[in-house]
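J.: Going down the list, the protein sequences come from chains A and B.
If you're matching positions, the first sequence starts at 5 in this note's numbering and goes up one per residue.
If you're matching positions, the second sequence starts at 45 in this note's numbering and goes up one per residue.
Since the hints were derived computationally from the structure, they do not count as laboratory data.
A few of these clues could be false.
[To be verified] Pairwise CB distance ranges, derived in the manner of DEER restraints:
#	chain 1	residue 1	chain 2	residue 2	range
1	A	Lys165	B	Ile74	46 to 56 Å
2	B	Gly220	A	Ser41	49 to 59 Å
3	A	Gly457	B	Ala162	44 to 54 Å
4	A	Pro30	B	Leu201	20 to 30 Å
5	B	Glu97	A	Glu436	53 to 63 Å
6	B	Leu201	A	Thr470	28 to 38 Å
7	A	Lys154	B	His125	22 to 32 Å
Even glycine gets a Cβ: it sits at the ideal position worked out from N, Cα and C.
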Amino acid sequence: MDPAQESGGLLADKAQIVETLVGVNPDMSLKPKLAESWKQLDDKTWEFKLRDNVYFHDGSKMTAEDVKFSLERANKLNTRIPSLLKLDSIEVVDPLTIKIHTSEPNYVLPAALHFAAPLGIISPKCVNNNGEITAPIGTGPFSFESYDEKTHVMSVIKNDKWWGGKVLLDKIIIKPITDPNTRALSLENGEVDFTVDVPYNEIESLNKTSGITVDKFENSRITYMYFNLKKAPFDDVKVRQAIAYGIDRKSIVKYILFGVGTPAVGIYRPDFYWTEKDLKAYDFDAQKAKDLLEEAGWSDTNGNGIVDKNGKDLEVSLITSPNRPSLPPMAEAIAGQLKEIGIGVNVEILESGVVSDRQKSGEWDAALSAISVAMVPDASYVLDGYFKSDGINNKGYANPNVDELLKDAANSKDEKERISKYKEVQKIILEEVPIIPMTYYQMVVAKKDYVKGYEFDYTSHDYTLTPETYIEK
Amino acid sequence: MFHYLLKRLAFMGLTILAVSGLTFFLMNIIPGGTAELILKHTVLELEEIPTSEQIAEISSQYNLHDPLYIQFGRWLADALHGDLGSSYILKKPVTYLLLLRLPATIYLALASMTIAIALGVPLGVICAVKENKFTDYLLRIVTLVGVSMPGFWLALLLILLFSVTLKLVPVAGYGGIKYLILPAIALSMHTMAVTLRMVRTGMLEVMNQPYIAFATSKGLPPRYIIIKHALKNALLPTLTVLGLSLGYMLGGAVVIETIFAWPGVGSLLVDAITARDIPLVQGCVLTIVGIFVTINLFVDLIYTYVDPRIRYG
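Chain A with its partners taken away, still in its complex shape (with noise of 0.2 Å):
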């Protein structure tokens, strides 16, 4: 029950007991939320207007001081928060106005305080002498009601006094369903009025039930395939190239995802606006891929179905984890059509602690992914990151020019030229595909017809509920 040590966003995306001082819009462009208004001072300081007018769920007014508090601690509790505050301290100068002053040059600060999970704002008041948060005091349109320790189920009623508006629901009820089976079977029998993920085959048949409605909905996570640049075959370019073209996304879409999903480009969905729109897909092209594959010196010459150079067959490992059902079927689809171009691929199914450590031994190939590509919604969150030759998730990526790119645009205080940077990063990305990206996530929402105004979060990393829905029986 404390917002600080999650990862989920649970109080803040699904409960909506705490938010955040900044919001974002569907083209990830950021707005106002706790925080009116906010400003660069200087290199290294920020000055944010808070709202008047926010009450905290047990009637007292936010203030900077509770602010303050509340970025410190989240800070302090969670060792994924300083790389992205780079904090230095906070400053409050009036109750409704902090300063804050990061360690080093930081542009994206107002982005990370977006994030949703942990960096939720809460009284001072809700935290126990052990420094433990049993029952969230947040500013959101619903107010912690209960939790059952042993169930995990848990109950918010709505906040009378939300700032943002009238909030439409009385009561909602989270009840935490692994199976997906169940959670539809449930969905069905009216036990639940709302669900997420029911399994992929069932959409259909589940939607055609009266009463119940299942949508599909885009959210910023991408699955995507990247190599071990370190080491042949995938060091060299055109073989990735060929992979590229060589792996038909679209048939993967209808036959493996049942339709969830869209073919992917670039790395970002094409409304953000830090996309580059003009980005030349790698539509589906075996002979394309065969080609390239000749290009790079490999080519069948004993006749076996797959392609060799130096008398050695070109056989990949293609390694993914389970966490995401979705992943082994789309690997071995991909395995299956890359055959076709003369690939010869091994798909290993591994734990995701597994997964690391051979990535950390070098002995892999290829691997096949799923993740969050705006967390923090800044280009600069994946773009440094797998792409910046020191980036911690670089596979082996380096070219001097997108580092420069990287660093210029991190410095540069014109949002124009920033954008722009980040868009020729990406079109450099996709020409040297050290990642290709497969499908844009789709959430998949079942619910009951009479639950009206839901409208779905482009921005949450899975997904949000929200203030607007009602229940119209």
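Put chain B on the given structure of chain A with help from the hints.
T.: Frame of chain A, contents of chain B only:
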């Protein structure tokens, strides 16, 4: 008898110690770093990569850098003092978490066991009495299905029939008796089928014994012979199976718990293993093994009561 008991208790202690030690070392040698997985189940998403600072901080917070035997020694010393430590992920005392989940597990296991015995024993007797007749064949086919059908499949069929179609009981959740019915039936099926088969075989064997013929020739009523003379002896092997089944059930029925969103120990343990929540894994394993060996001991003691020929010295 006293010596026997003492010996058994000593072996129980050794078993528990050995299993705890083995679990601890296995948890630490399986690939995927402990610190990394803890992070991936707390502040990070599964696909994210922790920084080396994050790993260092978690490792020093939980002393993960110490040699394994020191870590295990520390755990053991605390455990002997009744302190099972705190969960890395849930940040609550392990004992507290176990006490939170155990009642649901016991509740479900006992209900399933009751169903399995209440149906399995009488049906087994009926099968034996009607050997190779229609009823026998029918029940044997039913048990074959019961033994072979995967638990999750049966569970989903039960939900479809009794919840979605007939609207008699809820699909999933935890609460009153109506939430218990489906998971208990689903969990009991296998044990019920095995019990039926064991009782049937046992009965057929016993019914051919001379003392049954003697009892029949004395003119005792068949019902009395079956219950008083035959069943008591036929139950012996069944008892072992029931004891093991109860042990398994109390060890948590992960699949059934997951499908019915039942807050038992099984899903607690599996979640703990995935997240490398070692103190919680140790606590769960300790409890499960403890229950298992205790039940085994009780079954062996019950033997002496059911079959006076068995004597432990």
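J.: The structure should be examined with respect to each hint, and the outcome stated for every one.
T.: Right, here's what the structure says about each hint:
| no. | hint | verdict |
| --- | --- | --- |
| 1 | A:Lys165 <-> B:Ile74: 46 to 56 Å | holds (51 Å) |
| 2 | B:Gly220 <-> A:Ser41: 49 to 59 Å | holds (53 Å) |
| 3 | A:Gly457 <-> B:Ala162: 44 to 54 Å | holds (50 Å) |
| 4 | A:Pro30 <-> B:Leu201: 20 to 30 Å | violated (43 Å) |
| 5 | B:Glu97 <-> A:Glu436: 53 to 63 Å | violated (30 Å) |
| 6 | B:Leu201 <-> A:Thr470: 28 to 38 Å | holds (36 Å) |
| 7 | A:Lys154 <-> B:His125: 22 to 32 Å | holds (26 Å) |
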